[in-house]
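Chains as they are written, first to last, in the working numbering: chain A, 1 to 333; chain B, 1 to 286; chain C, 1 to 270.
Read the hints as simulated data drawn from the structure, not as lab findings.
Do not take every clue at face value.
[Unchecked claim] So the derived list for chain A, only partly shown, Cβ under 8 Å to chain C, looks like this:
(1) Ala50
(2) Leu52
(3) Ala54
(4) Gly58
(5) Ala78
(6) Met79
(7) Phe81
(8) Ser83
(9) His89
(10) Trp93
(11) Phe98
(12) Lys328
Every residue gets a Cβ at the ideal spot worked out from N, C-alpha and C, and that includes glycine.
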Amino acid sequence: MAEIQLNHIIKSYGKARATNDVSLTIKDKEFMVLLGPSGCGKTTLLRAIAGLEAIDSGTVTIGGRDVTNVPPRFRDIAMVFQSYAVFPHLTVWDNIAFGLRMKKLPDTEVKKRVEMSAEMLRITDYLQRFPAQLSGGQRQRVAVARALAMPSGVLLMGEPLSNLDALLRLDMRAELKKLLRDAGATTVYVTHDQVEALSLGDRIAVMKQGVILQCDSPLRVYDHPVDKFVGGFIGNPPMNFLRAAGLAAIGLIAPPGYDLVGIRAENLDSFTSPMSGALEASILVVEPLGSHNLITAKVGDEFIKVNTRAELMPEPGSKLWLKPMPDKVRWLK
Amino acid sequence: MTTRRTNLTPYLLVAPALVFMAIFFAYPMVEAFGLAFRDNDTGALTLSYFQKMVSDVQFQPALTTTLLLIVILIPIQFAVALAMALLVNAKLKGASLFLYIYAIPLAVSELAAGIVWFNIFTNNGFLNSLLVQSGLIERPFLFLSYQNQGWLILAVVLAEAWRATSIIMVILVSGLQSIPSDYLEAAEVFGADQFRKITKVILPLLRPSLQVALILRTILAFQVFGVALAVAGTGISLLAGEAYKWYYTIRNPNVAAAYASVILILSIASTVVFLVGLRSKNGEAL
Amino acid sequence: MKGLKLSRVLTYVGAVLMALWILVPIWLIAVSAFSTRQGIFDFPKALLPNPFSADTMSFFLGATNVLPSAGRSVVVAIITIVISSVIGAPAGYALARFNFRGRDVFRLVIVSTRAFPIVILSIPIAVAYIQLGINDNVFSLALMHCALALPFTVLVTSSVFAGVPRDLEEAAETLGCSPLQAFMRVVLPLALPGLAAATLFTFVLSWNEVFASVILTSRNRTLPALLVAQLDESPLNYKYAGGFFLLAPSMVFMLFIRKYLFTLWGRVSR
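The shape of chain A in the complex, shown without the other chains (with noise of 0.2 Å):
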């Protein structure tokens, strides 16, 4: 059991709070990822679960063991870094080795952990290389064995995809999310690539400013957002946000207390032709993406962006009438 409890963390430096008061319950084996933009307070909260980063107030526990003051050693973690963190002066063997017998495991037994890891990560032919003599996606993928090979039941990964490049990047997403799986521990991920967090998580922890926006499973963060930050940040393109005002002219009455509408590019139907229920919009900027094109347009004062079928190509300047599907429509504070 490896459930991971933050109760009230809160940490700052000088005068701005890191994290405000954060309270997050991961469960056993479960994949949550902290997503949010730079300075939101996602890599302090994973360096306050990994023992890195002394918490002002607040406690952390792990598998229900009270580790607020423990160093990082007696955490029984593995972390995986986003500089990747692998030490040059070391042969992949020996940093996959490095943890096991820090916590001087049998010779027989850091092998057999060594050679597996490697084979899961297929670098067993570099195992007697240094880092140097390594490609940054090698000396990730031996930051990721090492932090498995660890007969720990919590896995922390902080942005380690971010310095891959974008074609490589994708691979190892793939890899990854078979590869922890697999492997079953409870994992924390942080990163602020929204795409990387919908696909990996079970959940998604979105931050902002030192707090918890929203936690959800992805689709729901994607569906459901619960204010116009999370509905922006998620998605590409992002959501749409409209005064909710302008909407009842097409019979979408807002329920009371809520001003704005949120609603994505792929769930407007769209017509060249005047319809009933459907916005008139004018055509700014067709941009055809292949499997669709995404066309930006302008409805009264306010920017749209849809998705259209690839056959669909105004001229820009033209007419676009745009008809929301009813039941993707989020009315937003």
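Add chains B and C to chain A, keeping to what the hints say.
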């Protein structure tokens, strides 16, 4: 506030160094003034040691020669160091060899440098040998005679310039290397020639490094001792040499300390002048 | 294209001239140091030792006090290295790794003492040493050299430690190391080359130091102190051999240190 690295750790790490510096920097600095301005027997404040120093026949020449030395030396050194730094930075083949050669004097002692140049300037040294062989003069010229103060100072200047230019060069090279090549390429694209690139881009960006080097160099130039002693012997007097003489030969630590406080005051004054005169917006110099 | 080539050639000529400015005086002292006693007084002089002879050097090395003084110089330098490392390296580490109150003040103090006039320090310290009865011994002199070396050691070690990514240390801690173990197993091995260069610098500093050495010693001279004290009465061959003997190690040291010149002085100067 009670997690792993308690805030005490850095202070514990720094403490030994601080204690050591209190004993070997703060104490002697205060005590230099104490020796210079307190009577040895009564402990009362006195100007008598200071007056003794000022009225000494060597004080005036020592002060003027030291200042003269600095005024001649520093511009030469900066010109040479800047030339060396630009050459090293010009990405020549063998640049690292040139850098090594230019840097050698960084590790040469004052005394050795003095002897190296004594070997050149002395009566039957290499300079006289060259001049006589080429027929420019008939017999060796006494460069290092105390009657030829101008030549004596020049010889000391050359020796000190030879020895202590490397440090400026290294500071300037590292300053040059921190200038993004984008700036130079941009200047080139906008039509700057080599000369303009140096005066309009490199030198302004190099100002913090220049300032640091200037301060370091000037302070160290007030202490020129071994070089002068080896090249010129007692032929010229400098402040540091007088301090040594009063302490070691005349055995009067109080007057020696008075000299030391003069050097300290001059060092601090010149630092302030350079800090204010070459002020940079964000005070990155020190 | 032709103009470009010309400027390239001129740059080379400049670089070579500058190199000659450094090398020719060194060559000339070597010529003198390896001439015979007679050769030193020859006039006009040859640009090669004629004949080549080790007489001058062996005369110098055989002179009373020279070898014991050289030995003392080495001992003083080694003690200086040990003390300044033991005291300075932790402070350098603190500067590199911790963000503590007073850090900037401490750094400023260190930086401003780096060019502190040795003349000022030496005289009061000499007086104090005599009062305490600890003057004229290698250990006391080494303490004084430490004062010179310490700001340098602190700044250099701090830049060396800062060059070892913090992540590596933290990674070691998540993998089961205590802070001390992380330092010993990860930081130290990676910092070692830089620390070795810093050590050599300290050695050179102490080996070369004249003023404090001659003030603080009387019978137990270090080599530079011995040479300075005898400058007036020593014969030319003794002087030249002594100059060369002092200078020779520095050329070798620079060979090892040059790689670190900028990581050391570049960062130190900012």
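Verification of the supplied hints:
1. Ala50: 6 Å, holds
2. Leu52: Status holds, d = 5 Å.
3. Ala54: 12 Å, violated
4. Gly58: 20 Å, violated
5. Ala78: Given a least distance of 7 Å, the restraint on Ala78/A holds.
6. Met79: Since the shortest Cβ distance to chain C is 4 Å, the answer is holds.
7. Phe81: With a minimum Cβ separation of about 5 Å from chain C (threshold 8 Å), the hint on Phe81/A holds.
8. Ser83: 5 Å, holds
9. His89: 5 Å, holds
10. Trp93: 15 Å, violated
11. Phe98: 5 Å, holds
12. Lys328: 43 Å, violated
Consistency with the previously given hints fails for numbers 3, 4, 10 and 12, ordered from lowest to highest.
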